[in-house]
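Trainee: Respectively, the protein sequence lines represent chains A and B. Numbering-wise, my numbering puts 78 at position 78 of the first sequence, and it's gapless, one number per residue. Numbering-wise, my numbering puts 10 at position 10 of the second sequence, and it's gapless, one number per residue.
Nothing false has been slipped in among the hints.
Short derived list, chain B residues pointing at chain A, Cβ under 10 Å:
id: 1; residue: Tyr36
id: 2; residue: Gln38
id: 3; residue: Arg41
id: 4; residue: Pro44
id: 5; residue: Phe101
Taking lysine-lysine and the BS3-like style, the derived pairs with C-alpha atoms no more than 27 Å apart in a straight line are:
id: 6; chain 1: B; residue 1: Lys2; chain 2: A; residue 2: Lys42
id: 7; chain 1: A; residue 1: Lys41; chain 2: B; residue 2: Lys70
id: 8; chain 1: B; residue 1: Lys98; chain 2: A; residue 2: Lys20
id: 9; chain 1: A; residue 1: Lys64; chain 2: B; residue 2: Lys98
id: 10; chain 1: A; residue 1: Lys42; chain 2: B; residue 2: Lys42
id: 11; chain 1: B; residue 1: Lys56; chain 2: B; residue 2: Lys98
id: 12; chain 1: A; residue 1: Lys55; chain 2: A; residue 2: Lys66
id: 13; chain 1: A; residue 1: Lys41; chain 2: B; residue 2: Lys42
id: 14; chain 1: B; residue 1: Lys2; chain 2: A; residue 2: Lys64
id: 15; chain 1: B; residue 1: Lys2; chain 2: B; residue 2: Lys56
id: 16; chain 1: A; residue 1: Lys42; chain 2: B; residue 2: Lys70
id: 17; chain 1: B; residue 1: Lys42; chain 2: A; residue 2: Lys66
id: 18; chain 1: B; residue 1: Lys42; chain 2: A; residue 2: Lys20
id: 19; chain 1: A; residue 1: Lys64; chain 2: A; residue 2: Lys41
id: 20; chain 1: A; residue 1: Lys55; chain 2: B; residue 2: Lys98
id: 21; chain 1: A; residue 1: Lys66; chain 2: A; residue 2: Lys42
id: 22; chain 1: A; residue 1: Lys64; chain 2: B; residue 2: Lys42
id: 23; chain 1: A; residue 1: Lys14; chain 2: B; residue 2: Lys42
id: 24; chain 1: A; residue 1: Lys42; chain 2: A; residue 2: Lys14
id: 25; chain 1: B; residue 1: Lys42; chain 2: B; residue 2: Lys56
id: 26; chain 1: A; residue 1: Lys20; chain 2: A; residue 2: Lys55
id: 27; chain 1: A; residue 1: Lys41; chain 2: B; residue 2: Lys2
id: 28; chain 1: A; residue 1: Lys42; chain 2: B; residue 2: Lys98
id: 29; chain 1: A; residue 1: Lys41; chain 2: A; residue 2: Lys66
id: 30; chain 1: B; residue 1: Lys98; chain 2: A; residue 2: Lys41
Worth flagging that the hints you see were computed from the coordinates, not collected in a lab. Using N, Cα and C, we set each Cβ at its ideal position, and we do this for glycine too.
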Amino acid sequence: GAVVSQHPSRVICKSGTSVKIECRSLDFQATTMFWYRQFPKKSLMLMATSNEGSKATYEQGVEKDKFLINHASLTLSTLTVTSAHPEDSSFYICSVQSDTEAFFGQGTRLTVV
Amino acid sequence: QKEVEQDPGPLSVPEGAIVSLNCTYSNSAFQYFMWYRQYSRKGPELLMYTYSSGNKEDGRFTAQVDKSSKYISLFIRDSQPSDSATYLCAMRAGGYNKLIFGAGTRLAVHP
Chain A
1 GAVVSQHPSR VICKSGTSVK IECRSLDFQA TTMFWYRQFP KKSLMLMATS NEGSKATYEQ
61 GVEKDKFLIN HASLTLSTLT VTSAHPEDSS FYICSVQSDT EAFFGQGTRL TVV
Chain B
1 QKEVEQDPGP LSVPEGAIVS LNCTYSNSAF QYFMWYRQYS RKGPELLMYT YSSGNKEDGR
61 FTAQVDKSSK YISLFIRDSQ PSDSATYLCA MRAGGYNKLI FGAGTRLAVH P
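Please work from the sequences and hints to get the whole structure.
Mentor: Below, the structure written as structure tokens:
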């Protein structure tokens, strides 16, 4: 299966600052990547679909100006949490999909203090 | 009604037991079915993938899909403490439609 590398694995930042999370598809060219958010003991919630060379598609209720997504190449998508607040603290996970299966990064735990 | 229903558990079993995990769904367009294992603070790891109906076996794991009943299962034989994790079912229709996840079932296998 595809290998998806996500960095950093955990980050702590101060309120008001911005944090960038990288997602790399190491062995698969991904025209589309997916960004999820997961709260403790909850399932994954799709935030947005990242499209290479074009704008991301955001799910209802997700602020696109808050969560900036850039998919500049077939192997890299980034999620930037802007002006972070404590309520943005969460586990963020990226994913790539082949024709059949979906593969996930190891996740990024963001803590905003 | 949610598109995918999964009992969140927790499910606690003794080592060596056979574990049965299940999901039901409502969308008959779903064709691709996956089971993921997620350890605490880690990303989901793909365990099993099945296309359409049928069974698939991989070591101690067996995945079953019954499209007529809209019901999928994951069986774990000879369960081990290292199997303790959250198991998520996921499914989607054809093309690059987004994955729909179940709530996840927390499994604890005790020695």
